[in-house]
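Chemist: Note that the working numbering has the sequence shown beginning at 35, numbered continuously upward.
Do not rely on the hints blindly, as some may be mistaken.
What the hints assert, rightly or not - Okay, derived cross-link-like pairs now, DSS-like style, lysine-lysine, Cα gap no bigger than 27 Å in a straight line: (1) Lys303 with Lys254; (2) Lys121 with Lys151; (3) Lys219 with Lys165; (4) Lys229 with Lys314; (5) Lys229 with Lys143; (6) Lys80 with Lys219; (7) Lys303 with Lys318; (8) Lys254 with Lys151; (9) Lys229 with Lys254; (10) Lys121 with Lys291; (11) Lys219 with Lys229; (12) Lys314 with Lys303; (13) Lys254 with Lys143; (14) Lys229 with Lys128; (15) Lys303 with Lys271; (16) Lys151 with Lys271; (17) Lys219 with Lys291; (18) Lys165 with Lys121; (19) Lys143 with Lys219; (20) Lys254 with Lys165.
Hints are computed from structural coordinates only; laboratory data are not their basis.
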Amino acid sequence: MSQLLITGATGQLGSQIVSELTATYPVSQLSVLARSAEKGLTFSEKGITVKIGSYQDPSSLLEAMQGIDTLLLISSSDFNDRIGQHKNVIDAAKAAGVQHILYTGVTLKNIENSPLKPLIGDHFETEEYIKQSGLTYTFLRNSLYADVVPMFIGANVLETGVFFPAGEGKVAFATRNDLAKAIAKIVASSGHENKTYHLTGSQAHSFTEIASYLSELSGKEVPYISPSSADFENALKGFGLPEPIITMSVLFAAGMKNNDFEEVDGSLKTFIGQEPTSLKAFLKEAYQL
Numbered sequence: 035m036s037q038l039l040i041t042g043a044t045g046q047l048g049s050q051i052v053s054e055l056t057a058t059y060p061v062s063q064l065s066v067l068a069r070s071a072e073k074g075l076t077f078s079e080k081g082i083t084v085k086i087g088s089y090q091d092p093s094s095l096l097e098a099m100q101g102i103d104t105l106l107l108i109s110s111s112d113f114n115d116r117i118g119q120h121k122n123v124i125d126a127a128k129a130a131g132v133q134h135i136l137y138t139g140v141t142l143k144n145i146e147n148s149p150l151k152p153l154i155g156d157h158f159e160t161e162e163y164i165k166q167s168g169l170t171y172t173f174l175r176n177s178l179y180a181d182v183v184p185m186f187i188g189a190n191v192l193e194t195g196v197f198f199p200a201g202e203g204k205v206a207f208a209t210r211n212d213l214a215k216a217i218a219k220i221v222a223s224s225g226h227e228n229k230t231y232h233l234t235g236s237q238a239h240s241f242t243e244i245a246s247y248l249s250e251l252s253g254k255e256v257p258y259i260s261p262s263s264a265d266f267e268n269a270l271k272g273f274g275l276p277e278p279i280i281t282m283s284v285l286f287a288a289g290m291k292n293n294d295f296e297e298v299d300g301s302l303k304t305f306i307g308q309e310p311t312s313l314k315a316f317l318k319e320a321y322q323l
């Protein structure tokens, strides 16, 4: 197996991918990128090489890429010039002689017609930049995490009801855990050069269905209200949420209403070797019902 470096390994998706990989991938050939030795301590304690660097520091990235054959670039969670951060990583990989790059993007029906283009269009810019780099690539286009549903509808949804402006738009949610399993399988195997995989749940769901599942699981009537974007935004402001969180929530709701994430693809099921976790099962666990 090749020398593999995983960026974003201290994040939620990255750490789960590393955990999955350690069951099959030789630890001696596995490295992770962390901002400091302290942040990488849980990995170094397992014998995984920790390379110190950040997306904003090109020289640290170039040093971290030395001796690396394959790079898994997990997209930055910092929206401040995210495309610039990704370009730093790609440029360093090319300069250091990395042969193959895998990138975690997003499955979206049509970015050009999406309300989310200002927020996540950089995923597709990154893919294009990778293609232009001449490196062989694998694009891992993830559906929206089921894990974000509680963030959008709240911890007290059984009392308040579902209040979210997604209309009847549907989303093929996938759990972060299932995505991590699939990505680990892809990373640890061959034959994925210059391919794009759409990793989605097996069924698309509306927020009407989410409310119905919660009603069924809890034994309570959980209504769904789809307010206007303006009313939703004002409600979030009333909660005192930070402006970036409000903007992100409003835009994602608009994207869901636009059916940007309704695509269902069988690749996730194929790679994990079983049906992906259903949204109903996820909600049951998330809300301890």
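Chemist: Which hints from the list above does the structure break, by number from lowest to highest?
Modeler: Of the numbered hints, 1, 4, 8, 9, 10, 13, 15, 17, 20 do not hold.
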